[in-house]
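S.K.: Protein chains in written order, with our numbering: chain A, 30 to 537; chain B, -9 to 355.
These aren't lab readings, by the way, just hints derived from the structure by calculation. The reader is advised that the hints may include incorrect statements.
[What the hints assert, rightly or not] List time: in silico PhoX-like cross-link candidates among lysine-lysine, alpha-carbon distance up to 20 Å:
#1 B/K162 - A/K384
#2 B/K272 - A/K383
#3 A/K313 - A/K517
[Stated by the list, open to error] The following residues of chain B were derived to be distant from chain A, with all beta-carbon distances above 10 Å:
#4 F4
#5 V125
#6 I188
#7 V200
#8 S209
#9 G213
Ideal placement from N, C-alpha and C gives every residue a C-beta, glycine not left out.
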Amino acid sequence: MIPSVECVGITKSFPGVLALNDVSFSAMPGTCHALCGENGAGKSTLGKLLAGIHRPDAGTITLDGRLVHFDEPRDALAAGVGMVHQELAFCEQMTVAENLSLGHLPRRRGFVDRRAMCERAEQLIAEVAGADAPTIDVRRPIGELTVGQRQLLQIATAVGSGARLLVLDEPTSSLSEHEATHLYDLVARLKARGVTLIYVSHRMHELFQLCDAVTVLRDGAHVATRPIGEYTEAEIVRLMVGRTVEGYVRQWNDTLLDHAAPTAVAGNTKAPRLTVDRLSSPGKFDEISFRVEAGEIVGLAGLVGAGRSQVMEAVFGLDPAARGTVRVDGEAIDIRTPHDPMEHAIGLVPEDRKKQGLVLGLSGRENLVLPTLSRFASATLVRRPAERTVTQQYFSRLRVRAPGIESATVSLSGGNQQKIVLAKWLAANCRILLLDEPTRGVDVGAKAEIHALIDEIAREGVAVVLVSSELPELLSLSDRVLVMRQGKLVAELPRETNQDTVLREMLQ
Amino acid sequence: MRVAVRDVLGSQQFGLTAIIVLLGIVLTFAAGSHTDAAGVTHNNFLNSYTLIQVATDASFFAIMAVGATLVIVSGGIDLSVGAVYAVAGVTMALVLRAVGPVSPTATVLIGMVTALGVGLLSGLLNGAMVVGLNVHPFIITLGTMWVLRGISFVSSHAESILVPPSLMMAAKATLGLGGALSPIPMLAMILVTIVGSIYLTRTVMGRHIVAVGGNPEASRFSGLRLGRVQIGVYVLSGLTAGIATFLGASFYGSASCADANGYELYVIASAVVGGASLTGGKGSAVSATLGAILIVMMRQAIRTMHLDQNYEWIIVGTAIIVAVVLDRHGTTLLARRMARRATKGVGPADARVASSEAPPSVMVS
């Protein structure tokens, strides 16, 4: 029997990151094939290669025995490969029928044939939706539908345009339990129709329920492809972990003496540097409580969407809906805007440095002093020489490689951009630093430098909360690891913990 | 030193000044000359009277263009400045008429406080609505443009109102230049431009405006108060309209509800010809004033060269598009030059990363 899809020697690198390294696997027609791996293992990249969103640097993709090359998603669609994304892309204000026919609207005498369009949409939905699924009015705007219904539509579009291979990227991550069961039924029906599914998910029980075979990736490399029945959940988790630590290893012995001591001494009543008490935000996270001592690095682990970044943003005053108490040195602070935590020397290095971290059109100097500009002003005028001195100082301390402090940040590499974002808050003399994915998209050299810097600032007495999707990074830097799952804090692990344990808490 | 020279030559202000000077030279040759009663030959363009006249014509909307630049740099737009000009002028004239005859100094002071005050309040209204109602500034200021224009119609009964002559005497003071030369509006324009430029580039608030316009999200993550910045720029835009109307109404001796009709577009055009980016984050007060002068000179050129006045719109419209395209093209070239410099400055390993970087998808799979 000819495999529905066969990948041989797929390699894909992005600047600074080898996302996939010589990956080969195949899936039989009418089966559901699971793709497993940690955050960053290369699952989504592999899915996007199949859907024509990225092009492989090396390797071949064969569909039903035919060698294919995709330059664009439409090539993949034409060859019968559809992808259902984590973010569902639709035109919100247009109707269901219009969305389903976008790109090939039926025409009659130059006008859109509304009736034909609606009939086609209803037919498409009927083909994939089960008999028990709630009916969808194709004349309603798509914005009124639930996430589950939209997903159904995306699958309907793909199947309707003749997809024989469907990539589902974390399809249940934003569905309710009830909606998820509809999706499981749909997957079963698609399999029965001979459609092959590539199923990317972190939810183990789903994989065992739906999938026939599993491919495990680790650090962009292929680890195993087997019928799923040959494994247990624990065995799959074990195959997923074991990523290598690259770059910096923290000097535990020094730091232990420095900052573990104050809390260990009996009778010490000193309040922790940062206390977060029952912080909640509707629909994002619930009753989050933790504390961070001065000089301590607390890691926050969790899957994408577990609510880690949202907690960071709430502490930094970016979530008006958040309720709860934040204390600095035992004193409750009123947080409404980022200005309030900044008054208490709290800084946030955000997840997305290009959107949230930097004003890319401005120079390194202008970005670096942005949060603290008023400190450089005397008689309302900003003193340029003082700005330059401080910027120079942080550029050399963080070894920012740039033509100069005046060059626009847009022209710098990811690692150097990230160093400037870090420098912004170091220059603000923060006593509490919230770091959200501080090394994402950063090359290996800069990564090690940033790790060393985080260790250094902790040793200087800064309380650090570190969010990272890279477990080795998190484990090598953190004094304690907190694990979040679906908006809740589910575990607190000592630094001696291992990836296996953390990952199991994250997945459950 | 060589770097400084290159920076000056490459700067936008230099480019604009060069175009203005070039146009001036062309006009000097094209205008021809005449001989006065005393037998002295005068160039029809290059004489102090015409030059100050050009500067005076430019000054009223150049002053507003400085305010508009602040709004545009912050990522907003203010369509109401022409209407603010009218309502502030009419209010000033009505207040002065109600006050009756007082000393010249008091007249000037009352006039100034009224015009600037109304401008400021109108700006505050715009800013508060943009921030408070969270509606796009284009729509808010489009609305206030008509509302304020309407208020000036109603309150003036659509009549032109004379202002006390002491105001005109002040605005047309020759400051010792003699003859019919009145440099006050020009000097006011230069002063507002300098203050605006220092404000935008050297003060905390000005730098915050640039940052918010460049990336509001990153500015918020840096603890900047976006609402305060937004309200501030509309207040300042209203204030410059107040200054312009105080000078304009004083200079021409009257205020009317039809004053400065369509000025908002001249004002925005000046800022944009001066290189301000409508997407925010980029713009200069000096360039906006140079942009205003350039537009007035093009109008002057039509007059001097005895072309049909009706061509003015076509020429000004074309010039705006050409200016912006040239400016954008210049930016691309500059970016390319900068990228080349960046790759030269850092090691080869970094240069590779500088070109692009891993999309976030790599990390979230």
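S.K.: Now tell me if each hint is right for this structure.
M.R.: Okay, the hints, checked on the actual structure:
Of the pairs offered as hints, the one joining B/K162 and A/K384 is violated, with about 51 Å between alpha carbons and a cut-off of 20 Å exceeded. Pair hint B/K272 plus A/K383 holds up; C-alpha atoms about 18 Å apart against a cutoff of 20 Å. At most 20 Å may separate the alpha-carbon atoms for a hinted pair to count; A/K313 and A/K517 meet this at roughly 9 Å. Every beta carbon of chain A lies more than 10 Å from that of B/F4, the smallest distance being close to 18 Å; the non-interface claim holds.
At the 10 Å boundary, the C-beta of B/V125 stays outside the reach of chain A, the nearest C-beta of that chain being 18 Å off. At roughly 7 Å from the closest C-beta of chain A, the C-beta of B/I188 falls inside 10 Å, breaking its exclusion from the interface. The Cβ of B/V200 sits about 7 Å from the closest Cβ of chain A, inside the 10 Å cut-off, so the non-interface label is violated. A cut-off of 10 Å between C-beta atoms contradicts the statement that B/S209 is not in contact with chain A; the least separation is 7 Å.
Not every CB of chain A lies more than 10 Å from the CB of B/G213, the least distance being 4 Å, so the non-interface label is violated.
Checked against the numbered hints listed earlier, the structure breaks hints 1, 6, 7, 8 and 9; every other hint is satisfied.
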